[in-house]
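**Q** Those protein sequences? They're chains A and B, same order as listed. Residue numbering for the first sequence follows this note's numbering, starting at 1 and increasing by one per position. Residue numbering for the second sequence follows this note's numbering, starting at 1 and increasing by one per position.
Coverage of chain B stretches by chain A, computed from C-beta distances (three or more under 8 Å per stretch; other residues unrestricted):
(1) 53-61
(2) 64-75
(3) 79-85
(4) 92-99
(5) 304-311
Listed next, the in silico EDC-like pairs over lysine to aspartate or glutamate satisfying Cα-Cα at most 20 Å (straight line):
(6) 552/A x 509/A
(7) 416/A x 315/B
(8) 56/B x 427/A
(9) 159/A x 201/A
Not everything, but these chain A residues come out facing chain B in the computed CB check (under 8 Å):
(10) 238
(11) 275
(12) 321
The set of hints was computed from the structure by calculation and includes no laboratory data. Computed from a predicted model, the values in this text were never measured in an experiment. Cβ coordinates follow ideal geometry from the N, Cα and C atoms, glycine included.
Letter by letter, the chains look like this.
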Amino acid sequence: MSDTTQTLAKPTSSTTGVKEAIVEIVSDSGEGAQKCGQSLGKISARMGNGVWTVEIIPAEIQPPARSREGASGIRVRIGQEEITNMGDQAHLVVALNEQVLFGRIEQNAYKAGTYLLIDNKWAEHTSPDIRRGYLDAILRFKKLGYIIHEIPIEKECLKLVSDARRGKNMWVLGLLCYIYDRDMDLATEQVKSIFQKKTDEVIRKNLDLLNAGYQWAEQNLELHFPIPARQIDEEIVVMNGNEAISLGVMAAGMEVCSMYPITPATSATHGMAETIQSAGGIIHQAEDEIAAIGFAIGASYAGKTAVTITSGPGIALKTEFIGLASMAEIPLVIIDVQRGGPSTGLPTKVEQGDLLAVLYGTPGDAPKFILAPSTIEECFHYVILARKLAEAFRIPVFVLSDANLATGVQPFKRPKIKEEWFASELDQHPWDTDIRPYEWDEDTGISKRPIPGQKGGVYTLTGLAHDEGSRVAYDSSINQRAMEARSRKLATLKDTLKPPKIHGDPSGDLLLVGWGSTRGAIEEAVSRAREKGASVSCVQLHFLNPLEPGLKEIFQRFKQVMTVEINYSDTLGHPHITEENRRYAQLAWYLRAQTLVDIDCFSHVFGQPMSPFRILKMLEEKLDKKLID
Amino acid sequence: MIAVNPDACEMVIPDGIFRLEDYTSSKARWCSGCGAHSILNAVKLLCKEEQLPPEKTVFVSGIGCSGRFPHYMKTYGFHGLHGRAFPVASGVKFRRPDLHVFVITGDGDCCSIGAGHWVHAIRYNMKMVALLFDNSIYGLTKKQTSPTSPMGTMTNTHPTGSVLPPINPIQSTLGLPNVSFVAQTVDWKPAHLQATIQKAYEHPGLAFVRIVQRCPVFMHDTYEPTVKDPDAITVLNHEKGIKLSEKELMKFRHVIEHDPADIVKAREVAELVKKTLPIGLFYQNKEAVRYDEYGAHNMGISIPDRMKAIDHLMDRYAV
Ligand SMILES: Cc1ncc(C[n+]2csc(CCOP(=O)(O)OP(=O)(O)O)c2C)c(N)n1
Ligand code: SF4
Numbered sequence: 001m002s003d004t005t006q007t008l009a010k011p012t013s014s015t016t017g018v019k020e021a022i023v024e025i026v027s028d029s030g031e032g033a034q035k036c037g038q039s040l041g042k043i044s045a046r047m048g049n050g051v052w053t054v055e056i057i058p059a060e061i062q063p064p065a066r067s068r069e070g071a072s073g074i075r076v077r078i079g080q081e082e083i084t085n086m087g088d089q090a091h092l093v094v095a096l097n098e099q100v101l102f103g104r105i106e107q108n109a110y111k112a113g114t115y116l117l118i119d120n121k122w123a124e125h126t127s128p129d130i131r132r133g134y135l136d137a138i139l140r141f142k143k144l145g146y147i148i149h150e151i152p153i154e155k156e157c158l159k160l161v162s163d164a165r166r167g168k169n170m171w172v173l174g175l176l177c178y179i180y181d182r183d184m185d186l187a188t189e190q191v192k193s194i195f196q197k198k199t200d201e202v203i204r205k206n207l208d209l210l211n212a213g214y215q216w217a218e219q220n221l222e223l224h225f226p227i228p229a230r231q232i233d234e235e236i237v238v239m240n241g242n243e244a245i246s247l248g249v250m251a252a253g254m255e256v257c258s259m260y261p262i263t264p265a266t267s268a269t270h271g272m273a274e275t276i277q278s279a280g281g282i283i284h285q286a287e288d289e290i291a292a293i294g295f296a297i298g299a300s301y302a303g304k305t306a307v308t309i310t311s312g313p314g315i316a317l318k319t320e321f322i323g324l325a326s327m328a329e330i331p332l333v334i335i336d337v338q339r340g341g342p343s344t345g346l347p348t349k350v351e352q353g354d355l356l357a358v359l360y361g362t363p364g365d366a367p368k369f370i371l372a373p374s375t376i377e378e379c380f381h382y383v384i385l386a387r388k389l390a391e392a393f394r395i396p397v398f399v400l401s402d403a404n405l406a407t408g409v410q411p412f413k414r415p416k417i418k419e420e421w422f423a424s425e426l427d428q429h430p431w432d433t434d435i436r437p438y439e440w441d442e443d444t445g446i447s448k449r450p451i452p453g454q455k456g457g458v459y460t461l462t463g464l465a466h467d468e469g470s471r472v473a474y475d476s477s478i479n480q481r482a483m484e485a486r487s488r489k490l491a492t493l494k495d496t497l498k499p500p501k502i503h504g505d506p507s508g509d510l511l512l513v514g515w516g517s518t519r520g521a522i523e524e525a526v527s528r529a530r531e532k533g534a535s536v537s538c539v540q541l542h543f544l545n546p547l548e549p550g551l552k553e554i555f556q557r558f559k560q561v562m563t564v565e566i567n568y569s570d571t572l573g574h575p576h577i578t579e580e581n582r583r584y585a586q587l588a589w590y591l592r593a594q595t596l597v598d599i600d601c602f603s604h605v606f607g608q609p610m611s612p613f614r615i616l617k618m619l620e621e622k623l624d625k626k627l628i629d
Numbered sequence: 001m002i003a004v005n006p007d008a009c010e011m012v013i014p015d016g017i018f019r020l021e022d023y024t025s026s027k028a029r030w031c032s033g034c035g036a037h038s039i040l041n042a043v044k045l046l047c048k049e050e051q052l053p054p055e056k057t058v059f060v061s062g063i064g065c066s067g068r069f070p071h072y073m074k075t076y077g078f079h080g081l082h083g084r085a086f087p088v089a090s091g092v093k094f095r096r097p098d099l100h101v102f103v104i105t106g107d108g109d110c111c112s113i114g115a116g117h118w119v120h121a122i123r124y125n126m127k128m129v130a131l132l133f134d135n136s137i138y139g140l141t142k143k144q145t146s147p148t149s150p151m152g153t154m155t156n157t158h159p160t161g162s163v164l165p166p167i168n169p170i171q172s173t174l175g176l177p178n179v180s181f182v183a184q185t186v187d188w189k190p191a192h193l194q195a196t197i198q199k200a201y202e203h204p205g206l207a208f209v210r211i212v213q214r215c216p217v218f219m220h221d222t223y224e225p226t227v228k229d230p231d232a233i234t235v236l237n238h239e240k241g242i243k244l245s246e247k248e249l250m251k252f253r254h255v256i257e258h259d260p261a262d263i264v265k266a267r268e269v270a271e272l273v274k275k276t277l278p279i280g281l282f283y284q285n286k287e288a289v290r291y292d293e294y295g296a297h298n299m300g301i302s303i304p305d306r307m308k309a310i311d312h313l314m315d316r317y318a319v
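Okay, chain A solo, but in the shape it has when bound (with noise of 0.2 Å):
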């Protein structure tokens, strides 16, 4: 045994309950760190608590075995009341090696006080190297303000299972049901979902190994921080943003889905493949993005309005076509779920850098609709709204998540799919030859379109400029006024969408602008700065092209307005950088143009979502007052 192992900490249970907890199991890859977390995750969520849990991925698919960067794993984030953000440092770390540590631990992912639980079979090992990398380890982290507790993980394992590579998932699952006393029986059941197509064999045993966890834990732990169920009357689903876009492809009823794979946008399609046939629609891998969307306008333009899921380097792509959508007023609709720089870059990891390109990306006007989710139930919902407004509107519509909300798995009221959301039956009714094609209506800009198989309707689709019987224009005239009519779709829609809410005060110091998947991040920070006396409120945009009303209104009823972003943006101060030259956040950007009021940006591109504690500590200085205790 090494010399750091200790007798158990001194007791630190709370009886009476926690708020929340931040748990983080880390393994390298291939140990079913992510099993157990998302089962955790699951049975909080049947307890009624709130939850929000994120994976932990490393770059490689099979990185090096006890490596930094091969840190694999999950965070989960329990609470007595709704959670909507991966929230600031851990609570307590389950870790089946000490090296993997160190990645989050660079991440700023601990604090002073986080309990760490690391199996001590390394500490044993038959390598001195290992044994004393493992030593090293411990003493950095007690120096690092952390709370160690050696457990025999795998130890304890091998009285059940003789490979306990595959088990300690279970066993670790135990373990923290009892930390965070979790419904046993609720367990049980996670466990017999998850093996349900093993045999009973595999069954009892996973379930062995639960039920050593939690009793090694209730014998041997004196750490016990039970987070109180809530009653709920509702069905609950759990889910990330990406399965919940994969679901909302189905429910819109859209019958083609065109894609070419790019992290992190595939997996919302892998979140349909297998059930997509059965609901009446394909996937379709094209050979490349410009192809995808290409092949998702031919159906569209068809009748069969289309989806294309893509991320940045594929929007880049996608764009000359997306102009041709928007010209062409081809109902369309494009997911871009964002991630950080270009085709290379940190691929993985998330960024809200797609704004502005997606908004002026298309060379000349190209009016498009574009919707930001904010969170996992809204990443279904805004799908389905999406189609619905491609179709009304006869336009490409956007919707903008981003790797956190692709990756943030977040219980939600389950909806109830309506029949109501579905493309309606492709309309081969004989078409009135005395509407011409692309017969705009004066007042909205809309205008009907045929669809190939109307008789009397046949037109030539083109992405010249054309006039209302789509016939190219050769008086300059013309595209004058069919611009006009385009360009009218967002403020006719405008006109029906109502001011954001705002979260806190509706006037006061300080106003900040979110958009997408900050809210979470930013709200808890904005609550809990109003907690500390601090006059700040807080709003979140979810249309950003036609922005919601109201917002200049809004912004002037605060002394300082600044937008929360995850993009790049310049700093007040660095060198060179003035206010005449400082380039800004994009929402920032886009929201000076458009109301002339002085707002500023706090953003970065650390490749991590939001946390409220970088919030608060933006506010701290901002405010010039003590929020974080």
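Knowing the structure of chain A, use the given hints to seat chain B with the ligands on it.
**A** Structure of chain B with the ligands alone, referenced to chain A:
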């Protein structure tokens, strides 16, 4: 069918019958003498012969002189982006097996900017007719080198002559997996052109037809000799190939037998181009896998059943 009343000297054509005019839209704006005109006529004739309902017929084109084609047909049309006709057409066909889809593409459109899509369209093998209008030059943008320009062609981008050997679209297509129909014809032999397009239309899969097309404006010197020289063309003849009447066949000096079932031979014959232009059916396989059949295989599931499937998946996320 057509009701003729000789007493009143009238002929009544009921609604159901389509005449050439029913496929004719605005007047084609190609240069006079452009080979595209005769292709347009041949396609219209095919539509009439086959009585394709205009509303069930879709012409998808890219950009180039040829890209204007759909505008001159009174059917549904999609004049899209440079090089991207294939993906759009594939998307049109995917869930609409009831539509007759034609792809109109140029040599730059297909063999340069759209080359990736060309390769994959051949592999998808969806039932449609693809007509490659090959004038060996970039027409619309005014005489730049095309990937099919013969080496040494003087163009605005290579004033002293193009420097690379051209792509042979027939040979390239014959090298692709799942290829199912490859034919070549010329715009100035109307009977052969017509018979080729007809055969292509009947093919159960993607019928790829390269039509050597005159561009008198930019490529006068390239095509004039071929058009005039009776030795310039070799006809591939076979009972399973492009059918020409005895009389038509007699008009050609060089006729060889070629069995379109033989892909190895087809590739050899495609090489002939270095000496003489081979026209006819190089290869046909009616059994190749068809992606459009996959695309349409699960159509018509009722909404309640679709809802059930989604609900079933939702169960997996229920806690
Ligand atoms: C993305 C893009 N790049 C370039 C062009 C310009 N462009 C239009 S047609 C054409 C070449 C046409 O040549 P080809 O396909 O041989 O057709 P042709 O005009 O000879 O019929 C080019 C380069 C374009 N429209 N789009
Ligand atoms: S430039 Fe050539 S290809 Fe284009 S229309 Fe004129 S003749 Fe035809």
